[in-house]
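With these hints in hand, go ahead and build the complete structure from the sequences.
For the protein sequence lines, the chains are A and B, in the order given. FYI, in the numbering used here the residues of the first sequence are 1 to 923. FYI, in the numbering used here the residues of the second sequence are 1 to 487.
Keep in mind the hints are simulated off the structure, nothing from the lab. Predicted model, so just to flag it, every value in this text is computed and none were measured. Careful: at least some of the hints might be erroneous.
Said to hold, decoys possible - Derived CB-CB ranges, DEER-like: (1) A:Ala-788 to B:Ala-98: 55 to 63 Å; (2) B:Gln-136 to A:Lys-584: 54 to 62 Å; (3) A:Phe-417 to B:Arg-290: 45 to 53 Å; (4) B:Leu-108 to A:Phe-417: 41 to 49 Å; (5) A:Ala-788 to B:Gly-135: 30 to 38 Å; (6) A:Gly-771 to B:Val-270: 26 to 34 Å; (7) A:Lys-403 to B:Ala-98: 27 to 35 Å; (8) A:Asp-30 to B:Leu-108: 53 to 61 Å; (9) A:Asp-30 to B:Gly-135: 53 to 61 Å.
Said to hold, decoys possible - These stretches of chain B come out as covered by chain A in the derived footprint (C-beta under 8 Å, 3 or more residues): (10) 257-271; (11) 301-311.
A virtual CB, placed ideally from N, CA and C, is assigned to each residue, including glycine.
Here is how the chains run, residue by residue.
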Amino acid sequence: MHPRIPHLPFWLLFLAGFFFGMAPGYAGVDYLKNVKPLLQERCYSCHGGLKQKGGLRLDTAVLLRKGGESGDALSKDKAGKVRLLERVSSTDPEEHMPPKHEGERFTAAQIQILREWIEAGASAPVEEKAESDPREHWAFRARVRPAIPAAVLGGWGRNAVDAFVGQGYVAGGVGPVGEAPPEVLLRRLYLDLVGVPPTLKEMTAVEGIPVAEWYEATVESLLADPRHGQRWGRHWMDIWRYSDWWGLGAQLRNSQKHIWHWRDWIIESINADTPYDEMVRLMLAADEIAPSDPQKLRATGFLARNWFLFNRNSWLEETVEHVGKGFLGLTFNCAKCHDHKYDPISQTDFYKMRAFFEPYHVRMDVVPGEGNLERDGIPRAYDGAPEVATFRFVRGEESNADKSVRILPGVPAILSFGTLAIHPVSLPVLASQPERQPWVLDAHLAGAKKAMEAAGVLLEKQSEKLAAAEKKASEAKALPVNAVIPEASSAGASKAPAVSPEKVLPEARAEWKVAELAAALARAELGSIEARAVAMRARWDGLPNEPELKGLAIRAEREAAVARTRHAAADVALLQIRAAPEKKAAIATQAKTAEDALAKALAANAAPVQPADVYTSLYGAKWTPTRFLSSAKDDPDVPFPSLSTGRRKALAEWITDPRHPLTARVAANHLWARHMGIPLAVNTFEFGRKGAAPTQPELLDWLASELVESGWSMKHLHRLIVNSAAYRMSSSLAGAEAAVARDPDNARLWRRTPLRLEAEAVRDSILSLAGELDLSHGGASIPAAAQAESKRRSLYFYHSNNERNLFLTTFDEAAVKECYRRDESIVPQQALALTNSRLVHDAALRIAGLLFKTGATGEEAFIRSAYSYVLGIKASGAEIVACSRAMEAWRRAALPAEKDAHAMARVNLVWALLNHNDFVTLR
Amino acid sequence: MNFSRPALPSKPALSRRAFLSDLGMGFTGLALGAMLERESRASSALWTPPTGLPHFPPKARSVIWLFMNGGVSHMESFDPKPMLSKYGGKSISETPFADVQDPKKLALERLVVPDGNGNQRNKIFPLQVGFQKHGQSGIEVSDWFPNIARNVDKLAVVRSMYTTDSNHGAQTQFHSGRHMVDGSFPTLGAWVHYGLGSLNDNLPQFISIGTREYWNNKDGHYLGPAHDAVPLRIDPSNPLDFGKPERPFSPAAQGIGLDLVRELNTLRGVEYPADPMMSARIASYELAFRMQRSMPEALDFSKESAETKALYGIDQPHCRDFGSQMLAARRLVERGVRFIQIQHGGGGAGAWDAHGGLKANHSKLALQVDQPIGALLADLERRGMLEETLVVFATEFGRTPGTQGADGRDHHIFGFSVWMAGGGIKGGVVHGATDELGFHAVENRHYVTDVHATILQQLGLDSRKLEIPGRKRLEIDHGKPIPEIIA
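Given below as structure tokens:
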């Protein structure tokens with residue numbers, strides 16, 4: 001691209017930069033800067049530490065020179081050609097490197113770089129290190145519990161965490177800043193452990209008491225607080241990809257209805273300190289581990305969430321990708337089309353991983369008290385398709401399956417220890433015949449009874465309406481016609497033309513008829529459900545009168561069918577009355593169809609019951625129908641087998657084996673990251689060779705060991721982290737110029753890095769300070785339409801690709817697709833949300849009232865108490881002066897209509913503090 | 001340069017980057033930027049964030065991206081195919097062009113969502129509209145788009161587009177260049193936002209207007225939410241989400257409050273000197289306040305002449321909405337907004353999705369967009385803005401040469417049309433071609449990212465220089481500029 005003649009001085013400026021920028025590039029080709037990165041990107045995956053195809057390695061200049069089986073790569077042959085250059089520039093598809101489908105061709109410019117370097121003598125630093133053996137990669141090596149280092153800083157440090165952190169100080173030439181002030185510590189603990197700031201009462205409880213006397217006790221009480229599960233549940237919902245269902249309009253396409261049962265399980269499990277390994281096992285295989293325990297089956301929402309109506313491949317690919325990233329920090333997804341370029345994961349390994357999941361489908365189980373699965377139910381995984389084979393897709397193309405080899409479940413060789421034991425699991429009858437769960441028949445009965453009551457109420461209403469219409473009609477008959485009209489218009493409420501009673505009455509009668517038949521239908525449905533429940537129990541118990549009961553059930557179901565068609569016919573009759581003249585013909589056809597259906601149902605009901613006749617069993621679960629076959633209708637039913645493959649159980653056991661080098665490290669890293677803001681290993685889902693090594697590897701291993709050895713207790717890890725001196729440090733930068741210069745990114749943890757509060761914490765804090773936050777637990781997600789009025793904690797808001805809350809989205813709530821770390825953007829839309837939203841304005845009003853009521857009546861007292869309540873910091877003199885000045889200005893600017901200028905000024909001050917940087921910041 | 005840009009605020013043309021770096025921040029001015037940078041240092045010593053300056057001298061400063069949701073029939077808009085009328089009612093196999101259905105030629109399709117529409121429609125559907133030659137170039141445009149036709153000498157029509165997703169996920173694909181099943185990737189607008197600094201610090205640099213489908217409602221993806229388009233309503237009284245106080249709050253009281261917030265933040269700065277988050281927060285409040293103040297003015301059409309408003313069709317019910325959006329787009333470009341993404345017919349799967357009643361559907365929708373788009377092109381030109389404003393007219397795919405049902409056309413990925421105008425694009429040219437039936441793009445075939453590459457090139461950006469570590473982009477993501485349509 002040649003620079004163009006500029007139009008504007010602006011471009012002149014730009015051009016100067018352009019030429020200036022070009023200049024250094026011509027200083028000659030440098031091995032480390034120009035050559036090595038190129039080879040690393042294009043060649044190392046096959047000719048480096050991971051693989052040595054053709055015996056060739058290119059990861060150091062020495063190895064380059066040494067060459068492979070076909071000889072020296074760098075020196076000229078007799079024809080004056082250099083092999084390396086020949087191969088990368090060849091146009092012969094059999095010759096050129098990288099081979100077809102294995103990577104992009106070298107560009108002419110890139111070949112030129114290699115050529116220049118070789119021609120200039122191929123010089124490289126002497127001390128160049130070759131890539132290490134992948135088995136030596138830190139994350140693939142077995143975890144060994146590191147010894148706790150001796151304290152290196154006299155007097156500093158509270159627990160072993162600090163001993164490890166302190167080691168880094170020595171190496172990095174930095175030292176820890178002091179402890180944060182008590183009020184900052186208190187706010188930090190509350191927001192971090194329970195997701196809201198302390199209430200006034202909670203603040204008063206520790207006021208004036210030395211930190212040493214309340215800190216650890218507060219930690220204990222917050223870890224035991226039910227709010228803790230809501231706070232940390234949301235963290236894990238990010239990592240495990242919680243999403244409510246979404247689709248096009250009413251069509252379910254992704255995730256599952258009622259998936260919130262899984263969310264509730266997460267929160268309950270965290271509050272109960274359910275071991276992490278147990279949680280992972282249940283999420284992957286509760287249906288094989290606890291097949292008839294609905295409480296535990298909720299955990300498999302983790303798998304139900306990946307459900308996708310249309311495409312099995314993208315469903316399972318997502319499953320493999322996120323099981324890998326979430327639990328293991330491995331990017332299996334990079335091995336879908338070809339062998340992994342950085343890690344020893346072959347393409348076949350990707351499909352072996354997929355094979356664990358190949359049999360699974362999703363179904364919805366009936367919950368106590370509700371037989372209608374549209375209203376409630378537990379979505380969960382089960383092995384519905386145990387026979388389906390897994391094949392490798394050549395180059396990842398789903399149209400190109402290699403059917404010559406069935407891929408069996410397995411794990412990458414580098415991570416295999418012991419033997420992977422896959423044993424089929426024989427399921428209890430309650431799992432394969434869920435209708436036998438003790439509550440299922442009752443749930444259907446309860447539903448039918450509820451429906452009958454509702455129909456009765458409706459009928460009563462229609463009866464009253466009919467009586468009123470009849471009364472009016474008889475009165476109207478007594479009056480001349482024109483008398484009716486003025487009466488209707490004088491009522492004033494309605495401008496609609498008065499309808500003559502001749503028209504009202506038949507409609508009211510038809511409405512009543514529909515209601516009456518609806519009530520009859522509800523009665524018949526209840527009868528049918530009762531009879532079928534009795535017959536089903538008789539069948540299970542092998543009662544001698546079972547055939548008789550079966551006959552009654554068949555009859556009752558037929559009666560219900562008659563009632564249903566009768567009701568449908570009445571419905572059409574009503575439509576006919578209401579219809580505009582031009583629609584009447586079409587409705588007449590409908591009426592005919594309805595009559596025919598009724599006649600058919602009556603005939604069926606009149607026929608004697610034959611031995612071959614059956615009744616429809618009441619269901620205890622329903623398979624969630626997929627549409628993989630593009631037939632424009634649901635795929636054929638997938639049954640509930642009595643045998644599960646045991647594949648996922650085996651996988652879960654492998655993942656949670658204490659010997660697994662990755663699982664505990666990945667979990668400990670997440671826990672650390674969500675407390676401290678910076679992970680120890682920065683790529684939380686990528687522990688492979690492409691990810692960054694941990695900044696404090698021993699600390700990570702020690703935390704991982706503590707996690708495993710405490711019985712995978714997450715609360716144990718929370719305790720270790722928040723009780724450390726490293727956690728308790730100030731985040732202040734005052735006087736820390738030297739440390740900033742040495743370690744600007746705080747990699748050595750010489751201070752706390754301040755954090756932007758997560759979206760949920762921002763909204764929950766606003767409502768909590770206003771005394772309005774509804775802390776109740778569980779239940780269906782709050783739909784978008786109800787969110788503006790809802791005071792529930794934010795994690796209960798509907799959260800899917802279709803529906804997300806605007807305020808929360810503005811503050812970077814979890815991306816639905818994946819969220820291993822939260823974004824921490826600072827954008828103007830956040831400022832608009834905080835300055836303008838009803839949420840903030842309403843909260844400011846309430847908070848000001850609350851503070852005033854609790855005695856902060858003087859201006860300075862009010863400012864001080866607002867500062868400490870809203871921001872968790874003590875106001876300085878200068879801050880009080882500034883606030884005071886603004887309050888005075890507000891009072892002067894108050895409009896005459898605003899009757900209490902003093903109160904307004906207080907509200908505005910609170911509004912300003914809610915907009916303070918430190919409100920959305922965890923110091 | 002023959003049209004004058006608005007006077008920028010008291011500060012001279014200062015890039016947002018420079019503005020924010022004054023406050024001690026990295027490129028995006030965000031903690032996110034800092035985070036990416038931290039991570040990048042760990043993984044690649046070579047990477048540096050974009051500087052906000054173009055990589056080479058640009059031809060275009062702004063982009064207006066018009067996207068017709070649902071799939072516009074290429075045969076009934078910009079790619080006439082008389083053979084369809086000749087063979088109407090016959091099945092494709094009965095025509096001399098039976099080989100278009102050779103399975104090998106159909107292999108590029110990647111279906112995610114078999115929605116029962118099917119993809120092969122065999123019975124040829126005759127053209128539903130007439131065509132005339134227009135302008136000096138004599139390019140044929142259908143009678144449904146007379147106003148665009150009037151401007152045809154400004155257009156470069158590309159008749160040889162193809163994509164791979166036969167479902168409306170192709171909308172996402174047209175914006176990001178990736179098939180939906182590959183995951184979520186930044187859209188073109190997000191890359192531009194990431195790569196270039198602002199032309200006006202009072203307005204967002206990347207704006208989205210119109211309803212977007214749920215699978216296509218974000219832009220930043222791995223670049224982060226800071227690079228999502230800011231959704232805008234064409235309503236001067238309420239243009240932005242949270243754009244004005246939702247409870248009574250006088251401007252005077254708000255002003256006192258914002259001054260106080262700034263002062264208190266600065267006072268805290270004693271404790272946290274050079275804290276990038278604090279500086280970013282202060283800057284974000286200033287930008288928010290300026291946006292809140294400037295946006296209503298940008299959308300206030302009262303100073304526009306009656307002639308201009310009539311030109312855009314704002315006085316006519318059928319094109320009032322889209323006309324307002326076009327006029328707003330011109331005003332926003334005038335004020336230095338970089339990338340304006342406008343969706344027409346969003347909602348459901350997209351209004352242009354004429355599986356049945358194509359004639360009624362397309363003639364009605366064309367009536368909504370044709371006059372406003374024609375007005376936009378003419379208005380940009382007469383104000384001397386077209387030279388540096390690139391207008392794109394695109395859709396996710398074309399429609400089948402065969403009939404669906406009685407009178408519709410199905411989704412068609414193998415060949416369809418888009419056009420570009422302004423911003424250094426050649427006018428009055430047709431590039432590429434489909435076969436006689438409009439089935440396959442056969443000449444100078446272009447995947448959707450070639451459109452991206454062309455736009456980036458005109459903006460002076462090299463997409464390879466925008467990559468961030470840990471996010472491998474493929475050759476197909478970058479695409480190739482289309483030199484034949486570049487002036």
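| task | Could you tell me which of the hints above the structure violates, numbers in ascending order? | result | 3, 5, 8 and 11
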